[in-house]
Amino acid sequence: MTAESVAGSVAEFAIGRRSPAAAYAARFAAASAGGAIRLAEIPFLTHLNVRADPASPAAERIGAALGVPLPVEPGVVTEGGGLSVLWLGPDEWLVVGPDGAARELTERIRDAAAGEHVSVVDVSAQRTTLVVAGERARDVLAHGCALDLHPREFGPGRCAQTLLARTGVVLVAVEDGFHVLVRSSFAAYAAEWLLDASVEYRG
Amino acid sequence: MSGRPYRREGVTGRVLRFRFDGRDLEGLAGDTLASALLANGVRTVASSVRLGRPRGVYAAGCEEPNAVVQIEEPFPEPMLTATTVELYDGLVATGLPGRGRLADRPDPARYDAVHTHCDVLVVGAGPAGIAAAGVAARAGARVILADERPEPGGGLLGTTETVDGRPGRAWASAEIAALTALPDTRVLRRTTVIGHYDDNYVVAVERRTNHLGAAAPPGMARERVWRIRAKRVVLATGGHERFVAFAGNDLPGVMLAGAARTYVNQYGVLPGRRAVVFTTNDTAYAAALDLADAGIEIAAVADVRREPGSAWADWAWADRCAERGIEVLTGHVVTAAKGEGEVTGAEIAPRSGRGTREVAADLLLVSGGWTPVAHLFSQAGGTLRYDEGLGAFVPGETRQAAEAAGFAAGVTTLRDCLADGAEAGRRALTALGFGAPGVTVPVVEEEPANAPAEHLWLVESGDYGTHFVDLQRDVTVAEVLRATGAGLTSVEHVKRYTTAGTAHDQGKTSGLLTSGVVAHALGVDVAGLGTTTFRAPYTPVSFAALAGRDRGPLHDPVRVAAMHEWHVARGALFENVGQWKRPWYYPRPGEDMGAAVLRECAAVREGVGAMDASTLGKIDVVGPDAGVFLDRLYTNMMSTLKVGSIRYGVMCRPDGMVFDDGTAIRLADDRYLVTTTTGNAAAVLDWMEEWLQTEWPDLRVRCTSVTEQWATVALAGPRSREVLAALAPGLAVGNADFPFMTWRDAEVAGIEARVCRISFSGELAYEINVSSWYGLALWEAVMASGEVTPYGTETMHVLRAEKGYPIVGQDTDGTVTPQDLGMEWIVSKKKADFVGRRSYARADTSRPDRRHLVGLLPEDPGVLLPEGAHLVSAPVAGPVAPTARPTARPTALAAPPVRALGFVTSSYRSAALGRTFALALVSGGRGRVGERLYAPVGDDLVPVTVTSHVLYDPEGARRDG
Amino acid sequence: MLLIACPWCGPRDEAEFHYGGQAHVAHPEDPAALSDEEWARYLFFRDNPKGLFAERWSHAAGCRRWFNAVRDTATNEIHAVYRAGEPRPVIT
Amino acid sequence: MNPLPDSLPDHPDRLWRSAEPKRSYDVVIVGGGGHGLATAYYLAKNHGITDVAVLERGWLAGGNMARNTTIIRSNYLWDESAGIYEHALKLWEGLEEDLGYPLLFSQRGVLNLAHSLQDVRESVRRVNANRLNGVDAEWLTPEQVKEVCPIVEISPDVRYPVLGATFQPRAGIAKHDYVAWGFARAAADLGVDLIEHCEVTGLDVRDGRVTGVRTTRGPIAAKKVALAAAGHSSVVAGFAGVPLPLQSHPLQALVSELLEPVHPTVVMSNAVHVYVSQAHKGELVMGAGIDTANSYRQRGAFHIIERQMAAALELFPVFARAHVLRTWGGVVDVTPDASPVVGLTPVEDLYVNCGWGTGGFKATPGVGWCYAHTVATGEPHPLNAPFSLDRFTTGRLVDEHGAAAVAH
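Protein chains in written order, with the numbering used here: chain A, 2 to 204; chain B, 30 to 990; chain C, 5 to 96; chain D, 31 to 438.
No lab work stands behind these hints, which were simulated from the structure alone. Where hints are given, some of them may not hold.
Claimed, not checked - Interface residues of chain A toward chain C, partial, derived using beta-carbon atoms under 7 Å: (1) P75; (2) G90; (3) P91; (4) A147; (5) Q162; (6) L164; (7) G169.
No residue lacks a Cβ here, since even glycine has one placed at the ideal position from N, Cα and C.
This is chain A alone, in the form it adopts within the complex (with noise of 0.2 Å):
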């Protein structure tokens, strides 16, 4: 074997990315024909894990580097241009952006640290993004998720980090359901428990 003919096969090979939930694709939509709940995945988000200290002007300075500030109140996602930055933590947060957008929001966030300790890792991959919405999504999640999801305690602009069965989620409350942010090697095992929680709401 030489280098080049393993260049040559590799050539042949239609070089593609693929996101943790793919496999469940169809499942999901057959899960979500009845309308009263809707599962799905939305592949490739950007999501940037950043720390710092909330104090700090450069936590200010990334603030306004985003256009958007990392939210000091726990549970609380602040959003604007597209982005959203979710409270993880007292020093840190989960910038969410749309897919592609890592190396650029890392350097806007690096820019704005400014030398100061902050820590922006990259962790796009690390997790995917499953949507529960529709009248019953509530209803799923309850099965599994020991917090409550009463619209008055935990509506949309509030995340959390938590259990999901056995899984641990960040959960973010939006318009019409759920985002279920899932470590990718957990997601497959996410899907078959979302598929199998919703088996009384597919209405």
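Chain A is already provided as a structure; the job is to place chains B, C and D on it using the hints.
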């Protein structure tokens, strides 16, 4: 119709067909199995567990001690009480002698669980519960009202009382309908609250399809566990009637008075034709009157109280009895139930003892008073106090945000229960900050005033052999007396001696009675004696309900890497490593594991192989103090690592024992990426956070997991360089350009990648890391040449073992130091401290006879030692087993105990060595190199030679290709 | 299932937390200066009172912060939660 | 419908009479559980020391002795553990006769299941260690497991398949109350005072020597004080200023209703935290994992029961419609190396026996024997010498956790 003779006139409904003990019978919609059996005149439902005595229906609810049945169809279920089984078409059941049968086939039903939250949880939809829930819900609180029965109303269902001018049952239904319409109120029927835990965590089980029989919708969960977190809890759990211990009180036909009243009023069933009533209190009179009004002849009421009316000018029960011609015998007891196999009469005697007479009857109603259901209150940590009036323990104080209401709190009349419930609802609202709404208490009819009850536990006799206190356990007063006679003075001891209170009903009707009889025997006060502890669940709950959906594929998450589908498609077998599925080996058609692994090993040693290494834990460690931080956690120096380089490291616990190992990659001055073992990824991240947050908050370091951000392909073997070169034409792969233990960013197969030159096999090797979105693409690109052999964890294990690289958790067990592993070189002498360092100065960690990691070569190169085999030293005394083989070596062990020198941690067939080999932890092992030891395997002793743990390429010549 | 008030995230189920044992046990400044007995005390001996106990928890499935709680081990009642580094509050 | 045979033997007509405390004793044993009662019995029987009081704060044997799942085995990994547990097992084998009490000791064997390759390695290691120590032990394939216990699910397709098991045929179960009462009656017959509802509230220590105990029923002088207070050991030893390397945790167990026999042996699965047997009357007896947080509340968290049930049904699908009748919790005292502490303390004449974690019941006669020797002679019995407090200083632990980590 067969059910008619014992059905009240005018009662109709949908006819349901069922089979009991082989008889085809009919009942009506709304029946329980118990009411349907009574309606069919079935008196004997089960037999008793020890004595085989016939037993009939005794109660009308979950407290039933007797009528225990096995469901046969539609699916076998053991030990249900006939009083709680709703009748459905096609039900097949048999009575049980106290012991049930499990199905021999898998249960096809679905079970699930759900979390929910509320401001106020009300347990029990009787008058107090409905009143409490109504007040709270109408004020806007989030309310859950749970009740074990299919229909709301609780005690009202069995009576003829009215509320707000309507029959109680209708009032309850209307109230529930109104509450159900409120947006934040949930009414759970057929839902038993089984446990009340700390912080108002309340667990309930809803039976959702049982009552539907074959009509149950497929896919609907049969039972559902409700995990309720409530801000306030109102326990309106009502009460259970007790009986009295007298001779033959277990005969079919003996029944709790309140139960009989329920059968008549709720089910329209006549549990007999002619009844004798035996009571210690007023409540049985209402039962007697309702039965009489339903056409059952009341032959006599024996009231233990001498003159209940004398102190009570307005005691109206006697008059009401007189109106119906019912004879009331005050100061009388029933001394015995009479009959063979079932009640045919009752022996009544004045308490003075003279003038016994026998009254013919097929029904003997008994009421020994009522016990508040304080189970949940007690479970929740509440104290109980003895209430003289009730002769029972009632809820006292609790630390939790919970209170009892209605009869459960010791409140006796309907009017007071409604008021108490409403007050409880109001108090809950106040506590939650809802303000203090006005409370309207429903109006009820005047009830006759009650005379005080007398607390009689047993009817005295010379022979207590059939005075039952626990019907299901066949425990009689005689046995309680034997226990106290043996010296026991604690109710808990008596319970254990006799087994009273331990049966299916957990002593709901018998618990207090047992205490009462013990108190009687010891001549002490029942108040001081107390009861046994109430434990969850309140009623039995199926294993399957508690297991819920965490079964089969959902039992525990399966974690997979991005290339998993490829491995599956290529027929890989998988190893569970923690929650991960890792390819174990890739057998080709006709290959067994041994052959496949030898082939994979040879491919790596001679050509090139690839392994999915994505599961290793990966942590970004960022910050100006990252080097200092890692220096403190690893035994070796990490701060001196150059940017662009990689270093292997070992992490220990403070006790000095190896905890994890991996590599640190220095990405920048202030940035490392460290890897962990697959199983310890989360533990290592937690470990780092723990030290940073709790011990070293001054360090400017932040850690972020990137385990799944990256997919990793390990490319190993002398030809790995050419494969990489082809995939990454822009990368200078020469030894000088890309030396061992360095990393480069490059495009590999058109994908952005970070390539690390590290080796866990001793061969020239690379680990190619890409975004896990591209993991499958990279893997397929690597495989596309057709020249790269995929290999699994088993081959990886063999290859590393040939090099003497330990695996944490396999070659270590929490008692092994780096020095034990022969890795003194990795324990820094320069650093002032690191986690675990101090422990190496302890006496035990410097013992010369500690177990060291060594290699073992079986003298027969074809013999594979089992992992876990032990090692003993030279020939042993004792008889040597006869052996046919001409050999000088010992073949038998001395008599135990035989001191083990160590054990085999890893053992393989090596393609490279052309023989078997093993790694072992051996006492003083490094000093034993060259020594012959023996491994007892089965009945044989396998001779082995101790060697260095590095067996292959000890010079390290192969790592540069 | 205790309800534990994470100082940041608020009340969450016990299942979201990792237990960390006794609080306020600092890693010795200079372990080498300790006797074997003193080192053993640090390694293996922790208070185990029946009653109020200052203990560590990590909100492992949530914000991943370590914090302290004062809990009554006889009743499981949590009297206070406070952040790592803060002094133990006085419970009356 | 035939009644079941009355399979449980009756307790005798005479047990013990709760004694009134005297002013002083040669030996005061703190804790009237199985260990305390067995120690009292062997003090009297083996050493002729009968001026002994056993103090129990509640009712006799009402703590962990009344709350355990009654499993008896001796197939421990380390020589030190095998020594004391095997000594106990040998005593169990003659105990009914010795005590003159039916203990329902049933040597039905114990299976310890392996669910991963790492479990298999550890299991085979333990079997081999056991054999060298004279402890009966076998490694069984899944098919052999099925022969021993036909209801175990051995399909390779389940989440954590059964890859095999260790089997100790001589292991089994006994009836805990019978054991406790057997020791109690025998000890009382030899002159030991069993004093119930007598809680120790203090220890008198003078010049480094213990001289007595203070109790809710007054002070009691003692030449020697032997602690056997299980989950409350830290509290009691604390009265003498003796710190112990213990943490107390709730441990839960449960029983089902009575069922026809389906389960002929004892199955333990550490990986999924299930252990189950079917007791003599027919109830399934199951133990769960411990709560992680320290607590003296004799009540565990409910989610642990739910997890246990899920794991149990993976192993035993036929249990689906069995019912949980009763759950309860005990308080277990756990040491850093999961091995007990038995021996002397820094306070003279004060002895300690604690840290048995989840394993105390099976050791009852063995530890009673050795602890009695230790108290009587002032020197540890050779079998409990390795379990000294001192080992935490030297580092010579007896680490029965085994490999906790799943790695590579």
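Now for the hints, and whether the structure bears them out:
1. Interface hint at A:P75: satisfied, since its Cβ lies 5 Å from the closest Cβ of chain C, which is below the 7 Å cut-off.
2. At its closest, the beta carbon of A:G90 sits 4 Å from a beta carbon of chain C; the interface hint therefore holds under the 7 Å criterion.
3. For A:P91, the shortest C-beta to C-beta distance to chain C is roughly 5 Å, which falls under 7 Å, so the interface hint holds.
4. Nearest Cβ of chain C to the Cβ of A:A147: about 4 Å, under the 7 Å cut. The hint holds.
5. For A:Q162, the shortest C-beta to C-beta distance to chain C is roughly 5 Å, which falls under 7 Å, so the interface hint holds.
6. Annotation: A:L164 was flagged as interfacial toward chain C, and the flag holds, the nearest CB pair being 5 Å apart, inside 7 Å.
7. The beta carbon of A:G169 comes within 5 Å of a beta carbon in chain C, closer than 7 Å, and the hint placing it at the interface holds.
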